[in-house]
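Number of protein chains: 4
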Amino acid sequence: MKKVNIGTVGYGFMGRTHSNAFRQAARFFDLPCEPVLKTICARNADRANAFAAKWGYQSAVTDWREMVDSKDIDLIDIASPNDTHAGIAIAAAKAGKMVMCEKPLGRNARESEGMVAAVETAGVPNMVWYNYRRVPAVTLAKHLIDDGRLGKIFHYRAKFLQDWTISSDLPQGGEGLWRLDVNVAGSGVTGDLLAHTIDTAMWLNGPIKEVSAATETFIKSRKHSLTGKVEPVGIDDASMFLARFRNGSLATFEATRYARGHKALYTFEINGEHASIAWDLHDLHRLEYFDHRDEGQLRGWRKLHITDREHPYMDKWWVPGLQIGYEHTFVHQAADFLIAAAAGKSASPTFREGLLTDDVTDAVLESAAKRSWVPVKKREEA
Amino acid sequence: MKKVNIGTVGYGFMGRTHSNAFRQAARFFDLPCEPVLKTICARNADRANAFAAKWGYQSAVTDWREMVDSKDIDLIDIASPNDTHAGIAIAAAKAGKMVMCEKPLGRNARESEGMVAAVETAGVPNMVWYNYRRVPAVTLAKHLIDDGRLGKIFHYRAKFLQDWTISSDLPQGGEGLWRLDVNVAGSGVTGDLLAHTIDTAMWLNGPIKEVSAATETFIKSRKHSLTGKVEPVGIDDASMFLARFRNGSLATFEATRYARGHKALYTFEINGEHASIAWDLHDLHRLEYFDHRDEGQLRGWRKLHITDREHPYMDKWWVPGLQIGYEHTFVHQAADFLIAAAAGKSASPTFREGLLTDDVTDAVLESAAKRSWVPVKKREEA
Amino acid sequence: MKKVNIGTVGYGFMGRTHSNAFRQAARFFDLPCEPVLKTICARNADRANAFAAKWGYQSAVTDWREMVDSKDIDLIDIASPNDTHAGIAIAAAKAGKMVMCEKPLGRNARESEGMVAAVETAGVPNMVWYNYRRVPAVTLAKHLIDDGRLGKIFHYRAKFLQDWTISSDLPQGGEGLWRLDVNVAGSGVTGDLLAHTIDTAMWLNGPIKEVSAATETFIKSRKHSLTGKVEPVGIDDASMFLARFRNGSLATFEATRYARGHKALYTFEINGEHASIAWDLHDLHRLEYFDHRDEGQLRGWRKLHITDREHPYMDKWWVPGLQIGYEHTFVHQAADFLIAAAAGKSASPTFREGLLTDDVTDAVLESAAKRSWVPVKKREEA
Amino acid sequence: MKKVNIGTVGYGFMGRTHSNAFRQAARFFDLPCEPVLKTICARNADRANAFAAKWGYQSAVTDWREMVDSKDIDLIDIASPNDTHAGIAIAAAKAGKMVMCEKPLGRNARESEGMVAAVETAGVPNMVWYNYRRVPAVTLAKHLIDDGRLGKIFHYRAKFLQDWTISSDLPQGGEGLWRLDVNVAGSGVTGDLLAHTIDTAMWLNGPIKEVSAATETFIKSRKHSLTGKVEPVGIDDASMFLARFRNGSLATFEATRYARGHKALYTFEINGEHASIAWDLHDLHRLEYFDHRDEGQLRGWRKLHITDREHPYMDKWWVPGLQIGYEHTFVHQAADFLIAAAAGKSASPTFREGLLTDDVTDAVLESAAKRSWVPVKKREEA
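The listed protein sequences derive, respectively, from chains A, B, C and D.
Residue numbers for the first sequence follow my numbering, beginning at 40 and rising by one.
Residue numbers for the second sequence follow my numbering, beginning at 40 and rising by one.
Residue numbers for the third sequence follow my numbering, beginning at 40 and rising by one.
Residue numbers for the fourth sequence follow my numbering, beginning at 40 and rising by one.
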């Protein structure tokens, strides 16, 4: 079987989820190729070596350019902080490598435009790791909507709630904390959490037309862990917006790291003419479904346990009733990408789709700054 | 409109629920008669008078025989402790009064037999206040089963969990505590809580054939609040049994006052060939329903919110989405009785049905004592 | 005991909830006065008489001015459509009557200002029936916040979702449908549903500083049931807004009648520095509570069953574990008003508090029309 | 690092969960040794080879004796049907191999006794794969009980509900269906499902003293897929029992494959003097906890989301809020065994502990047959 040699950049949280995804995809899916964990790249050589040993990478490097230049690498997978995405992706595409990039694509649409241009010019398979599309319950929601089960959509509402930065003692930036450093991350919860909700929303409900947003930084200055200085905080701690989709539906979106009691509560609900759907990440193996066409006295929200063989992806795993978890969404995405790439294609969401999400996050930040409604940029289809 | 003059015995918890039921039934139902709270009877004259003033009774007495002997009373409603049920009911029936009796009917089947004989001989409308049949969700369950929606029944499981007697400081007997005094109550949770679960179960699933039970008294002696003496506790604190119904289904039943965290968690679940139903008293306005005939990928437990006009009794109350509470079950039962009684009939559960529940609780206590399976007495239909 | 003679205007849904509230308050609370259902007023004499018979009113009239002019009436309770509130309330206040008014106070703040002026000039006890404050779970939330349990508040989110007007066949206006007629109602879900969420929010979290809103009318024209003509729909079917409270917290609010699967799903959640609270009307007897000060491994959302005697109002009802329903919130409010009024005081929310809610709904509608942030009017304390 | 060469017998459902467990344990845990998937054994050579390729086994054999005889194998892992457990385990132990065995240990206690004797005589590390002990929520329950948080235990209730054999068309025995063949499985749900609930129960709550059971075979005869003949069904479709633990607590247990709507609903609840715990497999990443020592008005069941780093095993996985799934329980167990084995020890549950569960299932089947209470065999500690 043809091998696909993978060079991964980044050994943090996402380096682990991606590495695991490639390994597990080959065990649980029938792939047309064999993914090989070839090289891991990270700045600290010792840690890179340890990571390579743990995950079975054949080698470790400290400069990603080595991987881009290497003939042994077929696929560059970017799992490093946001400020590195564009540089690596563009170089990789130019070198003719397939490129997978952790979300968000760039720190803003301008960066992402360069990345899209690079992969489209090079014609290389590409994908952004918006993993929540591959939660089986979310994929099922997509099927139901595409089948027309919901009818005309009236409402969409999503939120992504966390509570891990409430303490004022938490430094900004540094090891494990780059998401708090605006220069590295690009923005706060807007790019980190809202981006997920926007990607899913546009996948399920089509393009967003316009937004009215507000953001807030509750703790205005924090010590930076690298410089040791107390500096103004550049990121948004909370971000929320109203939206109108092009299909006429209304929406509310909200993300925050100040919602005490929630660790990663990503939820969405869609209300259509005939049926409604709700989901949340804290019980990701469930989908709630209401169908008005059910017999009147027996209408109710169905709490679907998405573990049957006929549910998306679930024939790959165990038996009915036995749930999967968070990392499986990455496994599904790795498998889908490897299958598409073997046929020379990209997998969804492509870099171009990732750019469309950045268009919305840019509009959100602009709206919040201007205190006005802002239209989302309308792009030509690729 | 014809008046029905009511004489109520007992002003405790059940005196209040019954009095409220008669008052509210006339406001929310179209009754063929007007219930009149004529006389309240209780041993303490001052309290009886205060209760009469509060609830609008026209008079108060301290001896129920006065009500039985009075021509002004059409209906005797028994809301006093268990040891008084038989005496009052039999006398009332002999006097030609309609009789409603709080559950359980008697302290045991022998007492209940006398009560059944009395009302059947007298031909007076009668009813036992097993109020949970009239929770709209439970009534809907009955309709679904009777419609054959569940198909053949395989399993029934019920429990009634409380935690209010865990403290060893609680006295047995006395004001508000007669349920802990075996002489007054007849038994512990078996007659108090299991009786409810048995009444519902036989209504929904038919007669019980045999039982294997165990009971326990966790705290072996308590001070009696009337005598002040520490005495052996005669009641069962917990009671559980396996059962076979005559229709071949299997069952588990359990009741206890030692289930920390539960105040009145009466739950049941029924599993049939095609569908299943589950309900619990802590969210009494909901019914959970699973239908295997639903499309495969969309099968799931539906959490029905029983507040629509097409749900049993709910056209009498508010608008969809607005829930009712505990006391409404008594209102429904009062209304059903008054409607039936106006036509000279009893309402379900009749005294005879109440006796059948006592047959099961007797079998449970016998089984627990003998440590063996015990058949439930099989009676001729009335 | 002193009697309070009540004249009620309106025999619809709210006429029933109010009438029941006065009757039940006297049974379940120790009131300093006796509420007497003296006169019901409604345009249709036959129905008014039937309603009087059902609920025990001593008389029925068809012109509310008779009640205002009558010396036998102490309290005017307004349960008629929104367009009648101001006229009745002002006349009643001028006549020295106590006034209770169904929400919203006026159809807009300008109407409400006149009503506030009238009751404050006359010095008569007054109250608006924002009943959800008296859900025991909501009252408990208020106690917890006022005790400082949540610490600094970061987020508030509320929604009120219904689905009863999705059909395009539904006429606007007419019997039972005045809420769809903008001339009668003043607005759509903004005044009907959002007003509830705003009243609760400001009670719990203080004044709202500014809003950015959007509204939508999904079905643009409907037949009017009175004229028979198809006419443009003047009400908003959906209304949503972002807000900043004066205390610095952020909020999202949404109301709609196009959320398939929800009948009356009013929900709110509050996230504070130390703790969070969530509640919803479909299970109104529960409150969800998360406390970060709990031991780490045992931190979790507590699903409180608000039926214990130490919970607000619950010592008036049954025993732990047994839930109350929707109409009890009106009973609590009636009791609180009668107790306050006996001391010559108003009960919360007063007309002035009702006006503050109208200030916000006015700002919402203005923001939606202007597509810009709008500050909420800042008023002097009374 | 020292290698542990593993020979696995069986490539079905359990062969996959075990193989995955060894692979993942090395990625997510810091192990003192390196597990090597050396040899897979299965009767069909083609399938064995395919399985070896998929999972990375170095070789495949069709006779487990080859592995027992091989010096290259350190550990025999038994994932084949129940009727093969004893033979393989005893031979493996005699050959000095470490032995891991899928549950139940033997088809009955007599078989298990031989297996225990073999491993104890040989002094080899051993373990039975009762995987649910290693659900982090269940492990946390164990910690809470051992810490004395619950106080004296009053009640234990467990059930394991499935619905996959309701159709009478399902054959008994054959590929993927050996659990329906009494000769292979030993019993029906008693050994398959109740055994899990018993293992957990005794781990959490100590030894069971006596049981009263009933079993049922709803479909009395089925076609055997190997012989093609319609034959009497030997297994129990449903099994339920009452129990008393040695610590005085009461229990109900139930397992069935006829509970429509449930795929693998294993639930348990424990009620103690001070606190209670509840868990279910359909949402395995949650634990419900009630603590009576909480402040009165804020007492409620906490729905713990077991994804924090301080929860058992969860520091090995992702970040707070992100759940794991079913197969992780096997990963935990593999890791625990490999760590223990490196120190020459067994991991819990050992074969001896597995035998104690078989003692209870034997007692259950005997009680059901005799229709009487049966004491559970009392054994000396090893």
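In short, the hints are calculated from the structure, not lab data.
Possibly wrong hints are sitting among the right ones.
A pair holds if it fits inside one copy or across any two, identical chains being indistinguishable in the list.
[Unchecked claim] Computed cross-link-like contacts, BS3-like style, restricted to lysine-lysine with a CA-CA straight-line distance of at most 27 Å: (1) K181 to K355; (2) K191 to K302; (3) K93 to K384; (4) K248 to K259.
Cross-check of the supplied hints:
no. : hint         : in the structure
1   : K181 to K355 : within (19 Å within a copy, 32 Å between copies)
2   : K191 to K302 : between (33 Å within a copy, 19 Å between copies)
3   : K93 to K384  : between (31 Å within a copy, 25 Å between copies)
4   : K248 to K259 : between (32 Å within a copy, 21 Å between copies)
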